[in-house]
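Protein chains in written order, with the working numbering: chain U, 1 to 115; chain X, 1 to 156.
It should be emphasised that the hints constitute simulated quantities derived from the structure, not laboratory data. The reader is advised that the hints may include incorrect statements.
Take a look, some chain X residues computed to stay more than 10 angstroms from chain U by CB distance [stated by the list, open to error]:
hint: 1; residue: L7
hint: 2; residue: V16
hint: 3; residue: Y110
hint: 4; residue: V140
Calculated pairs, DMTMM-like style, for lysine to aspartate or glutamate (alpha carbon to alpha carbon, straight line, at most 20 angstroms) [as the list claims (entries may be wrong)]:
hint: 5; chain 1: U; residue 1: K68; chain 2: X; residue 2: E55
hint: 6; chain 1: U; residue 1: K27; chain 2: X; residue 2: E55
hint: 7; chain 1: U; residue 1: K29; chain 2: X; residue 2: D112
Quick reminder that beta carbons are idealized off the backbone N, C-alpha and C, glycines included.
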Amino acid sequence: MSDRVQRLAQLQDLELMIREVEDPASKMKEEALGFSVEGLAQLQNARSRLLKQIPKQDLRAYQRIRRKYDRAVVPVMNRICLGCFQALPTSVTRNVSEAGPLPICENCGRILYWL
Amino acid sequence: MTAERLLSYFGESRFVPELRSRSKDGVLGEMARVLADEGEIGDPALLLEMIRRRESLGSTGLGKGVAVPHGRSTAATDTRIVFALSKKGVDFGALDNEPCRLFFLIVAPYEDRKHEYLPLLGKIVEVVSDEAVRERLLQVDSFGAFTQTIREAFGE
Ligand SMILES: [Zn+2]
């Protein structure tokens with residue numbers, strides 16, 4: 001797993017959790033089951049800290065894709081992109097160098113996260 | 001939701017008859033590793049981070065010895081439940097400060113097309129709200145005994 005993709009996946013999970021905590025309907029459903037859901041501020045702090053660890057160009061790519069899709073980072077299973085369910089060409093690999101391009105699905109443009 | 005439907009999220013390889021860990025963080029790690037070991041999760045570290053973060057919003061120890069850690073992760077492709085027991089009990093920071101003995105880890109993918117995540121969470125909470133069911137679950141020593149107990153809880 002590339003650290004660069006891993007951090008973007010972390011950011012995505014964190015932003016999803018923030019969205020759920022911010023959504024009164026989803027928060028109420030969990031609370032009705034007996035769970036406590038507090039601490040939006042600490043999630044936002046964690047997000048700020050994480051943002052500082054992500055290279056600027058990776059963050060820009062992530063945010064650009066997030067404007068188009070709900071998920072910017074999607075898992076790859078059996079060489080299928082689980083964002084658009086198309087097979088990936090063999091030229092796409094899980095190996096990501098520190099400075100090279102992020103692994104992107106040619107078909108939908110999402111960032112690929114190898115399981 | 002039928003018993004069969006609920007049981008479809010569990011599995012023999014996701015049944016832990018006795019947890020080794022004695023701490024909350026250890027239990028979360030041990031249960032996340034179960035999913036990683038069966039190839040359900042690519043990266044247990046990513047999953048674990050999400051579960052720990054969810055716990056920071058409030059313990060999922062619901063009281064009466066039951067904990068239901070849960071969350072959605074980019075590392076998950078399908079909704080899965082790990083069921084684990086700790087006969088000695090683990091301090092999970094539960095609302096009633098009682099040690100937890102019954103653990104259900106629910107992990108769902110980021111995109112929940114079938115909208116199964118919250119109803120599933122609700123069903124688990126409902127099943128374990130019955131004291132007799134909790135007592136029987138504490139005694140199960142095999143996955144078969146577990147599924148039998150769940151079916152009985154549904155009156156089947
Ligand atoms: Zn794609």
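Structure versus earlier hints - violations, ascending order: 3, 5
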